[in-house]
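> Each chain, written out:
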Amino acid sequence: MCGIAGVIHRDGPADIGTELTRMLQSMKHRGPDSTGYALYGPADDMVVIRFVLAEPNEVTGLDFEERLERGRAEVESRLAKIGADVATMVSETGYAFRATIRYGGEMKPLADYLEDVPGCEVLSLGSSLEIVKDLGDAETVGGQYRLGGFTGTHGIGHVRMATESDVDLASAHPYWAYPFADVAVVHNGQLTNYHQWRRRLERAGHRFQSECDSEIIAVYLAEKMSGGAPLETAMKTSLDDFDGVFTYVCVTGSELGVAKDEMAAKPLVLFESDPLVAVATEEIAIRALIGREVETRDPYEREVLVWQV
Amino acid sequence: MAGVSAGSKTGISYDARGLAEPDAEAPGTAEIDGGRARIDATDLTTRQINLELRRLIYGEGIADVTVVNPGSKHSLAVGILKRCQITFEGSPGWFACGLIDGPEVRIDGRVGWSCAENMMSGSIVVERSAGSLTGAALRGGDLVVKGDVGARTGIDQKGGTIIVTGSVGINTGFMMQRGRQIICGNAGNGLGDSMYDGTLYVAGRVASLGIDCVPGEWTDADAEVVERKFRIYGLGPPPEFQKFVCGKQLHNYDSLEPSERKLVI
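One line per chain: the protein sequences are B and R, in this order.
Numbering follows our numbering, in which position 52 of the first sequence is assigned residue number 52; successive positions increment by one, without gaps.
Numbering follows our numbering, in which position 83 of the second sequence is assigned residue number 392; successive positions increment by one, without gaps.
Just chain B, with the same shape it has in the complex (with noise of 0.2 Å):
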């Protein structure tokens, strides 16, 4: 199952943080157990880190709260030593952060030596992508989160339903592009020939977060990316390379894509006006963003579609 969602707004920013709410609220049913944002703000230049120093479900232990301290002074720390100016740094959860920075370095020195504080994942790391997902329904994360009024052009959004992997934050949708800056995918479907490819990447030099396939889509986009390819291209690559069924959304800095696999084994309806793209699982999502009748269609198999803001 899962759902996922996307929107892009070809007119300036938006609320999209309360419009990908909605979206994935209506499509609950098909995936309660975790939700997810990747959301595009407005770019300037700082940089934006979204952290976790423990998992929402091991919250007890009566020195949780003094690990996290001890977690947030150490990443305090290295950022200071590897020379990022610290502007905020807030947590709505206590264990959930987002720090902006000023820092003129390479991302992945940086997502790395953050990384390797005991507990620390980052979950998005870019100019203006904030990655936010946690355990429950859309508004419970979204209201947790008060991403109600979150300003951008372009955000994906992802309802999860466990079917590969656990029930906690690491197999959570979107998935970062680690360690590149600004790209996230969400997936619908499994993907058989995953060990395979995030051997492949391994080898690359790549690490991954999670044991959840989907996550090698965002690197291996991002790889293709890094070598100079345009996401088109690299979304197309992508339906030879990869086995099994598949729908997926790409975002980056300045776009947003969609892919199917050959079957069209997965469901993904796509409204397009001139001002505002939407795609999701379902219609009832697109309906819940847009409240009147309008003209949707399914994509077809191998279709490959991507917008700019």
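Think of the hints as simulated: they come from the structure by calculation, not from any bench.
Every residue, glycine too, gets a C-beta built ideally from N, C-alpha and C.
You may find that some hints are simply not true.
These stretches of chain R come out as covered by chain B in the derived footprint (C-beta under 8 Å, 3 or more residues) [unchecked claim]:
1. 339-348
2. 413-422
3. 471-481
A few chain B residues facing chain R, derived, Cβ under 7 Å [stated by the list, open to error]:
4. Glu-223
5. Lys-224
6. Pro-267
7. Glu-283
8. Ile-284
Think about it this way: if two alpha-carbon atoms lie no more than 25 Å apart in a straight line, the pair counts; the simulated DMTMM-like pairs of lysine to aspartate or glutamate are [said to hold, decoys possible]:
9. R:Lys-455 x B:Glu-295
10. R:Lys-455 x B:Glu-272
11. R:Lys-571 x R:Glu-549
For this one, chain B is given, so just place chain R on it according to the hints.
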């Protein structure tokens, strides 16, 4: 049995078996005007809409019901086993009008996946496009889609007629056993893959034929059927079709339903 709340905002409860809204009742909000009724589905849940339809059709004996603002909700007008007219002003979601036996349905909108699944008889006319698995396991009746349809149209079809004025996706007529499909646009790869029997008519381009699907010989009976269906649904003069049938090389089977087999023996 106490309902378990699925969340305060949705207000939908489930019993221990997972049955949604076990305590729901027909809301009785339909406006009845003589032999007609009109349901505004805006604030109703799936189960309330279906219970209201049943109350009107079975309880009140109303033979012409219109549902407005269906809002792409799933599983609407499922399992109605009586001759009547049902009109949707707007788009239902997935699994619309499954298992129906008798109703004439007009959908002034689009439908999601699996519309008319296992329909026994009656007719469904969809004014816009449809998702995948449209007419899955169709047993009888007519399903007309005035737009494009997704993948696997009429998968496991066992009877009836599917007419699509637009194009269809991959594996249309996959494992179909009986009945016919009249496709006015193009067909995707694997048309009629692993079909047992039945007939596929395609006016546009066929990307590729599936396993054991072969071109068939056009007869006067084919022309008569196509013309009659086009006339019934006001689709204008029919275009020229190619016919595809099963090559009968893949499966070993007899084509009788169990009830028919008894008659032969």
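> Could you run down the list of hints and mark each one as holding or not?
Comparing the hints with the structure gives:
Evaluation of the coverage hint for the segment 339-348 of chain R: breached, as 0 residues show C-beta separations to chain B shorter than 8 Å, against a requirement of three. Restraint check on the segment 413-422 of chain R versus chain B: 4 residues with Cβ-Cβ distances below 8 Å, three needed, restraint holds. Chain B is given as covering the segment 471-481 of chain R, and this holds because 3 residues of the stretch bring a CB closer than 8 Å to a CB of that chain, at least three being needed. The closest approach between the C-beta of Glu-223 (chain B) and any C-beta of chain R is roughly 29 Å, which is over the 7 Å cut-off, so the hint fails.
Interface hint status for Lys-224 (chain B): violated, as the beta-carbon distance to the closest one in chain R is roughly 26 Å, over 7 Å. A hinted interface residue such as Pro-267 (chain B) counts as satisfied when its beta carbon comes closer than 7 Å to some beta carbon of chain R; here the least separation is about 6 Å, so the hint holds. The interface hint given for Glu-283 (chain B) is met, as the beta carbon of that residue sits about 4 Å from the closest beta carbon of chain R, less than 7 Å. Nearest Cβ of chain R to the Cβ of Ile-284 (chain B): about 5 Å, under the 7 Å cut. The hint holds.
Of the supplied pair hints, the one linking Lys-455 (chain R) and Glu-295 (chain B) holds, its CA atoms being roughly 13 Å apart against a limit of 25 Å. The suggested pairing of Lys-455 (chain R) with Glu-272 (chain B) holds, with an alpha-carbon distance near 20 Å, which does not exceed 25 Å. Distance hint between Lys-571 (chain R) and Glu-549 (chain R) is unfulfilled; the C-alpha atoms sit about 40 Å from each other, more than 25 Å.
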